[in-house]
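*Asks:* If you want the building blocks of each chain, they are given just below.
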Amino acid sequence: GAVVSQHPSRVICKSGTSVKIECRSLDFQATTMFWYRQFPKQSLMLMATSNEGSKATYEQGVEKDKFLINHASLTLSTLTVTSAHPEDSSFYICSARETSSYEQYFGPGTRLTVT
Amino acid sequence: KNEVEQSPQNLTAQEGEFITINCSYSVGISALHWLQQHPGGGIVSLFMLSSGKKKHGRLIATINIQEKHSSLHITASHPRDSAVYICAVPTSGSRLTFGEGTQLTVNP
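Chain order of the listed sequences is A and B.
Per this note's numbering, the very first residue in the first sequence carries number 1; after that it's consecutive.
Per this note's numbering, the very first residue in the second sequence carries number 1; after that it's consecutive.
Heads up, a few of these hints could be off.
What the hints assert, rightly or not - Far from chain B, by Cβ distances over 12 Å, these chain A residues were calculated:
id : residue
1  : Ser18
2  : Gly61
3  : Lys64
4  : Leu74
5  : Thr78
6  : Thr82
7  : Pro86
8  : Asp88
9  : Val114
Claimed, not checked - Listed next, with one range per pair, are the computed distances between beta-carbon atoms:
id : chain 1 : residue 1 : chain 2 : residue 2 : range
10 : B       : Gln66     : A       : Gly16     : 51 to 59 Å
11 : B       : Ser92     : A       : Phe39     : 17 to 25 Å
12 : B       : Gln9      : A       : Glu59     : 19 to 27 Å
13 : B       : Gly52     : A       : Phe39     : 30 to 38 Å
Derived from the structure by calculation, the hints contain no laboratory data.
As the structure is a computational prediction, the values presented were derived from the model and not from experiment.
Ideal Cβ placement from N, Cα and C applies to all residues, glycine included.
Let the hints inform the model, and build the full structure from the sequences given.
*Replies:* Shown next as structure tokens:
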């Protein structure tokens with residue numbers, strides 16, 4: 001089946017630094033990718049929808065200047081958490097929608113810890 | 001009322017038992033997703049279905065579009081099936097709305 005990878009799988013950073021998370025569709029093209037955040041014992045929350053070649057659409061309450069999204073190719077979207085704070089510590093998950101079939105596939109997630 | 005509701009929230013079973021997890025939704029949809037999330041956090045897409053039934057190994061998913069209801073069944077459950085199972089439906093374009101998940105624990 002289709003595979004979506006995320007890198008890194010786990011990252012620890014100091015407060016005030018920036019962290020970039022990559023989401024790649026390995027064997028299919030994805031015009032649209034989605035970024036989610038999940039806090040412990042909670043469901044996934046959509047942060048933004050990333051469209052190849054255009055600006056991302058952010059959900060209400062998500063700061064676009066803090067969570068920078070770039071979708072420069074049909075197989076790669078990146079999420080950069082700028083000036084990270086401990087409250088940004090969370091599990092970040094991407095999904096990719098296959099351009100031809102519209103099926104969505106999820107990445108394995110990235111565990112971010114800000115100290 | 002949530003757009004997607006799952007039951008039960010928690011389920012404990014003995015190895016070998018037949019498991020059923022239910023999902024009801026309130027919006028019209030084109031397809032429904034069943035996802036599995038293991039304790040490490042990674043999510044695996046189990047099924048995407050729009051009608052009838054799909055089977056993959058010991059997993060079976062059914063959906064009734066008229067009744068807005070789907071079920072996920074696990075036959076001959078095993079401790080490695082222990083995970084959170086989540087149903088999700090597209091509510092706006094490709095945006096998914098997720099159920100709160102069912103925590104399944106299968107004891108040996």
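*Asks:* Next step is simple, just say for each hint if it's right about the structure.
*Replies:* Verification of the hints:
{"no.": "1", "hint": "Ser18", "result": "holds, 22 Å"}
{"no.": "2", "hint": "Gly61", "result": "holds, 15 Å"}
{"no.": "3", "hint": "Lys64", "result": "holds, 17 Å"}
{"no.": "4", "hint": "Leu74", "result": "holds, 15 Å"}
{"no.": "5", "hint": "Thr78", "result": "holds, 19 Å"}
{"no.": "6", "hint": "Thr82", "result": "holds, 23 Å"}
{"no.": "7", "hint": "Pro86", "result": "holds, 19 Å"}
{"no.": "8", "hint": "Asp88", "result": "holds, 16 Å"}
{"no.": "9", "hint": "Val114", "result": "holds, 17 Å"}
{"no.": "10", "hint": "Gln66(B) with Gly16(A): 51 to 59 Å", "result": "holds, 54 Å"}
{"no.": "11", "hint": "Ser92(B) with Phe39(A): 17 to 25 Å", "result": "holds, 23 Å"}
{"no.": "12", "hint": "Gln9(B) with Glu59(A): 19 to 27 Å", "result": "holds, 25 Å"}
{"no.": "13", "hint": "Gly52(B) with Phe39(A): 30 to 38 Å", "result": "holds, 35 Å"}
When held up to the earlier numbered hints, the structure conflicts with none and fits them all.
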